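Enquirer: Throw the hints in and build the complete structure from the sequences for me.
These protein sequence lines are chains Z and B, in that order. Note that UniProt numbering gives residue 31 to position 31 of the first sequence, counting from 1, and the numbers run on in steps of one. Note that UniProt numbering gives residue 50 to position 50 of the second sequence, counting from 1, and the numbers run on in steps of one.
Just so you know, the hints here were simulated from the structure itself, not pulled from any lab data.
Per the computed footprint, the stretches of chain Z lying under chain B, defined by three or more beta-carbons under 8 Å from a beta-carbon of chain B, are:
#1 55–63
#2 82–89
Interface residues of chain Z toward chain B, partial, derived using beta-carbon atoms under 10 Å:
#3 E33
#4 L37
#5 G38
#6 G52
Owing to the predicted nature of the structure, the values given are computational and were not obtained by experimental measurement. Every residue, glycine too, gets a C-beta built ideally from N, C-alpha and C.
Now for the letters of each chain:
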Amino acid sequence: MNAHDAGSAGGTPPARSPEYRVAHLQDRLASGELGELGVRIEVRGGAVLVTGTVPSAQCREEVLGSVREELVGLEVHCDIMVSDTSSPDHAEELS
Amino acid sequence: MIRIAAVGDIHMAPETRGALRPAFETLPECADLLLLAGDLTRHGTPEEARVVADEIRGLGVPVVAVLGNHDHHDDRPDEVTALLRDAGAHVLEGEGTVVDTGGARIGVAGTKGFGGGFVGGSAGEFGEPVMKEFVRHSRRCADGLRTSLERLEGEGCDVRIALTHYSPVPETLAGEPLEIYPFLGSYLLAEAIDTAGADLAVHGHAHAGTEHGMTTGGVRVRNVAQPVIGRAFHVYHLPAPERVSAGAGARAATG
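Expert: Dropping the structure here:
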């Protein structure tokens with residue numbers, strides 16, 4: 001047996017581990033067409049949590065599409081919000 | 001009273017065209033100028049910059065901006081800058097501008113800034129060329145901020161504001177993973193601000209951070225990344241010298 005072949009020894013093949021898949025997804029979101037660095041993806045127990053705020057509903061759908069593609073077979077909880085573009089209702093006094 | 005509106009990380013693209021304009025049109029009622037703290041586009045393309053330009057054109061208050069890392073992604077920061085300037089914005093990188101409004105002179109010194117980390121966990125100018133260049137770039141940005149703040153002091157400004165994209169302090173990063181702090185800001189920016197002096201420091205970049213912080217020297221820091229403030233912009237009121245009276249009409253000159 002090859003000493004480096006941990007996958008065939010019964011563990012999760014390294015390339016399929018949730019941690020690496022999440023890292024690849026994060027890289028795809030940042031470096032790919034989306035250019036999205038504001039989404040946080042964390043492995044929590046047996047599931048993956050995706051959080052953050054994006055500038056538009058279209059961007060949110062694009063992020064979710066990439067998440068679904070990259071994390072097929074994993075339980076994913078998404079909580080991505082769209083930026084609020086309303087005017088502020090108060091100012092901060094800096095005395 | 002001097003009224004500063006600020007927002008960063010609006011990440012505009014064709015699909016968000018017009019999204020901020022209704023809120024921005026209320027600015028003359030509540031602010032003397034608008035600061036844009038970088039990451040105005042998603043990828044830094046001229047097409048996206050034109051969306052930002054249309055969003056801020058003819059607002060009725062002066063607009064002062066710095067670029068962010070997203071605005072550099074397409075390797076055309078000069079084109080992005082030119083488009084924003086064509087729309088009337090003062091886009092700063094290692095320079096300052098003075099906005100005259102109702103008798104108050106508001107000085108804004110701006111730089112994108114860069115990473116490197118904070119005291120006790122910062123990168124050094126050592127090793128591979130790319131690592132040395134990383135730290136040198138951060139240092140150049142901080143030096144530009146310091147010299148522009150110092151220059152503004154000689155121009156009789158009533159208040160001076162440091163505008164950056166990257167953070168000068170770790171406090172406003174609270175909520176972000178600790179592991180990425182060195183990519184979110186640099187103590188060199190805070191050192192520049194404390195050395196030259198400022199009344200307020202405004203930055204963006206850290207979407208999961210928090211709004212309030214302070215430099216070691218006691219300068220208030222505000223993270224105005226749009227996901228942090230949860231609004232189109234936030235407004236900060238600074239005390240003005242007594243000779244200042246409220247008034248409409250403002251003009252700015254790049255210094």
